[in-house]
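Residue numbers (the numbering used here), protein chains in the order written: chain W, 1 to 389; chain P, 1 to 518.
These are calculated hints, taken from the structure and not from any lab test.
Any given hint might turn out to be false.
Pairs of lysine-lysine, DSSO-like flavour, derived with a Cα cap of 27 angstroms [stated by the list, open to error]: (1) W:K281 - P:K352; (2) P:K180 - P:K202; (3) P:K279 - P:K142; (4) P:K180 - P:K500; (5) W:K256 - P:K376; (6) W:K256 - P:K129; (7) W:K5 - P:K399; (8) W:K194 - P:K384; (9) W:K29 - W:K201; (10) W:K118 - P:K160; (11) W:K118 - W:K281; (12) P:K329 - P:K202; (13) P:K160 - P:K142; (14) P:K191 - P:K202; (15) W:K201 - P:K160; (16) P:K279 - W:K118; (17) W:K256 - P:K384; (18) W:K12 - P:K384; (19) P:K399 - W:K12; (20) P:K160 - P:K129; (21) P:K332 - P:K278; (22) W:K281 - P:K332.
All values reported here derive from a predicted model rather than from experimental measurement.
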Amino acid sequence: MTKSKVMTFVQKYTMIIALVLVTAFFVWKTGGKILLPQNITNIISQNAYVFVLATGMLCCILTGGNIDLSVGSVVCFVGTIGAVLMKNELNMWLAVLVMLVIGLLIGAWQAFWIAYVKVPPFITTLSGMLVFRGLSNVVLQGKTLAVTNAKFVQIFGGGANCYVPDLLNGEGINLLCIVVGALACLVYLFFTFKANISRRKAGLEAEPLYQVAIKALIIVAAIIFFTIRLAQYKGLPMALIWVVTVIAFYSYITSKTTIGRHLYAVGGNESATALSGINTKNVYFFAYANMGLLAGLAGILTIARLTSAQPTYGQNYEMDAIGSCFIGGASAYGGVGTVPGVIVGALLMGVINIGMSIMGVDANYQRVVKGLVLLAAVIFDVVSKKKNR
Amino acid sequence: MADNILEMRGITKQFIATRALDNVNFSVKRGSIHALVGENGAGKSTLMKVLSGLWPYGTYEGDIVYEGEVCKFSNIKDSESKGIVIIHQELALVPYMSIGENMFLGNERGRRFAIDWEKTHAEATKYLKMVGLSDSSKTLIKDIGVGKQQLVEIAKALAKNARLMILDEPTSSLNEEDSKALLDMLLEFKKQGMTSIIISHKINEVAYVADDITVLRDGKTIETLTKGVDDFSEDRIIRGMVGREIEDRFPKRSGVKIGEMSLEVRDWSVYHPTYTDKKVVNNVSFNVHAGEVVGFYGLMGAGRTELAMSLFGRSFGTNISGHMSIHGKEVKLHSPRQAIDHGLAYVTEDRKGNGLILTNPISVNTTLANLKGVTKHGVIDRDKELLVAEEYKNKLRTKTPSVTLDVITLSGGNMQKVLLSKWMYANPDILILDEPTRGIDVGAKYEIYCIINDLVAEGKSVIMISSELPEVLGMSDRIYVMNEGSIVGEFTQAEASQEKIMARILAVDNAAKESKKS
Chain W
1 MTKSKVMTFV QKYTMIIALV LVTAFFVWKT GGKILLPQNI TNIISQNAYV
51 FVLATGMLCC ILTGGNIDLS VGSVVCFVGT IGAVLMKNEL NMWLAVLVML
101 VIGLLIGAWQ AFWIAYVKVP PFITTLSGML VFRGLSNVVL QGKTLAVTNA
151 KFVQIFGGGA NCYVPDLLNG EGINLLCIVV GALACLVYLF FTFKANISRR
201 KAGLEAEPLY QVAIKALIIV AAIIFFTIRL AQYKGLPMAL IWVVTVIAFY
251 SYITSKTTIG RHLYAVGGNE SATALSGINT KNVYFFAYAN MGLLAGLAGI
301 LTIARLTSAQ PTYGQNYEMD AIGSCFIGGA SAYGGVGTVP GVIVGALLMG
351 VINIGMSIMG VDANYQRVVK GLVLLAAVIF DVVSKKKNR
Chain P
1 MADNILEMRG ITKQFIATRA LDNVNFSVKR GSIHALVGEN GAGKSTLMKV
51 LSGLWPYGTY EGDIVYEGEV CKFSNIKDSE SKGIVIIHQE LALVPYMSIG
101 ENMFLGNERG RRFAIDWEKT HAEATKYLKM VGLSDSSKTL IKDIGVGKQQ
151 LVEIAKALAK NARLMILDEP TSSLNEEDSK ALLDMLLEFK KQGMTSIIIS
201 HKINEVAYVA DDITVLRDGK TIETLTKGVD DFSEDRIIRG MVGREIEDRF
251 PKRSGVKIGE MSLEVRDWSV YHPTYTDKKV VNNVSFNVHA GEVVGFYGLM
301 GAGRTELAMS LFGRSFGTNI SGHMSIHGKE VKLHSPRQAI DHGLAYVTED
351 RKGNGLILTN PISVNTTLAN LKGVTKHGVI DRDKELLVAE EYKNKLRTKT
401 PSVTLDVITL SGGNMQKVLL SKWMYANPDI LILDEPTRGI DVGAKYEIYC
451 IINDLVAEGK SVIMISSELP EVLGMSDRIY VMNEGSIVGE FTQAEASQEK
501 IMARILAVDN AAKESKKS
């Protein structure tokens, strides 16, 4: 009995365990360098676009293992447009709005063909990948365009000073960061225990309190460790604000709303969903239009961080996003996967990236390792499910 | 001592939590047809998986003695090389390959790399002839009906030099005529010395074809009945399967008042979505009243499912024409959503294919057709959802430790109950139940019938589509008989009988043949 309990525990938290083990490995190999405040900050800033794109990609994958290959090109195209607009002195917020709308329109364009004309997503987005890469090149004429709007760069997590200013004026440590961390813990604790208690009140079976408490303890410890590390460096990176907003919003959408339920249902059994009176076409439309919107946001984050737009930006971003989803436990057949899972997948990739960089592993070998990790994660998923049967 | 081709001795198969087979003994006489019956989950399929090597030697306890020697199969190839061939319930044919290609898939004719197509098709034709199929072996599988596909599976088994053929529910998707033909073919093969094991839920077929019947219950062998020695009546066999007498297979419905007309359909015609000149429903008119169970009987392909789905918000077919009135008001329904909003529910015949989301919890499936009921401003109230699922679980007596478990963990009968829960929660006035008891065991069937009775007692209307004549006769207030897309007869419960209904279908068929000749 205890053996099978251990097994289900391992299965449920595989990727978290993997993340801890991999981190431990790099702590050992890099002599603890990977946990230095600066590196932790880097994991977030460097991978902000992955978190954002992977969240959107999850919605597509949920509908039935469908992917969006165009996101890298869309990131580049949106960034290009933004850079051009800001070069022409357009108001920064207006530029941001235009970029998001363009992302959404591109998403809607592709979503229309996928949802209502039933062009396979792979083909539609392969087309988008070519079209928007090409258009970016046309607009930029093959050159680099600098983004000089300092405020834009700062707010969207680029440049040297892309941190939330410490309004509380801590000395040697960013006090605001710590306060925010503490608040996050309290909010988290409040909602988990509230949900558990209301479930009990309704007379339903609920997770035993000690389990909830242990889980909460681990998560609170992680948040506190994280925020202290960030506070020791320069505080909260702006990119983190955007990433957390996206994650929180989409976690809520996918787990608590009918939109989310429809995504899972379509991926689980499309014809059953259609016969239950749900318009499956609209579900596809949502997933891909939304992906465009998030690609727009990723485009904004990308040009801010790199303070320029180039025709080569965003290459292979789609692969990072897709990889994170599958490593994070999304099913290649759709209907299975969660936003937190995908974030863990993206973090795992990020840790491997930065760990190997610190170790000085050749970039080409880094790719080899990442590729094998992706395969290993999916193999584990497939095999453990088979045994479960 | 009888000449046994196969003896399975003391077979025990343990899964992590459950013991699927518990010291099962099972022996089959050479040249006989041996039926294996039992309720869902009794262990029939597991036993056959052990026999065919799908569960390899070492994963079970006990011995398989085949042709006098102990066999230790490590995979299906091993058992097939000895002439043990299993034909699964779900047909395993590739739709876009020809009959010949399918027959020799993995067993290709020819030299090492090159396939000898002439030899392939020549041999295929030979085996097709043995099963009485005259189609060309170059026909694609997708272009022939399910009945013929089943025959191709058997031809495929013959091509593997089968000496012991295992058929898992071979007639589950066949109509009565095709079923009869298939069973007669098994009897023919028996004369030629073939041994068969047949797993079936259809007791009358088993009694017709089998020499011996072994009953499994909860993973144990209960008894083996032999033709000519034991009583082969349906009641006797069912008693063995469920372990008790079933007094009446159809619960009585008393005091249900039949009210006003709830649904009326006039001149309804539907064309096939891909073959758009093929009329699958032809000028059908019928009606249903509140509190009434209306049976729709017909053979496979009679157009009943197509009719039902086209009514349910045009979920099937193109070029649909005709009138439809609900409670006296003419309605035009263009999507399942509209149909549901007008109080219609279509409970599919294919629970796994388009009924349930197998990898989602029971609770999620229960609310899928009426998410609004547990939603506020687009946000789902999980607690309320669980309460709803619990309520229906208790109401329909679904057997499961928790409604948070995935549907895939349930047996067929319990899946059907979840499917019914889903549609009952959508609170429809008119329920179309398409083959509501297909592939589920006797006990669960009875419970489903009780649920149907409860529904009409609440004043709802039930349209029950079924291919099982006794069920239609036992449950319906009125019966429509369909054949080739048209309604060819209407009977009240009092005037309906098995003979009259079959006679009506045959009469139409004969008339059609006559008119073709002239």
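Query - Which numbered hints fail - result: Result: hints 6, 9, 10, 12 and 15 break, sorted rising.
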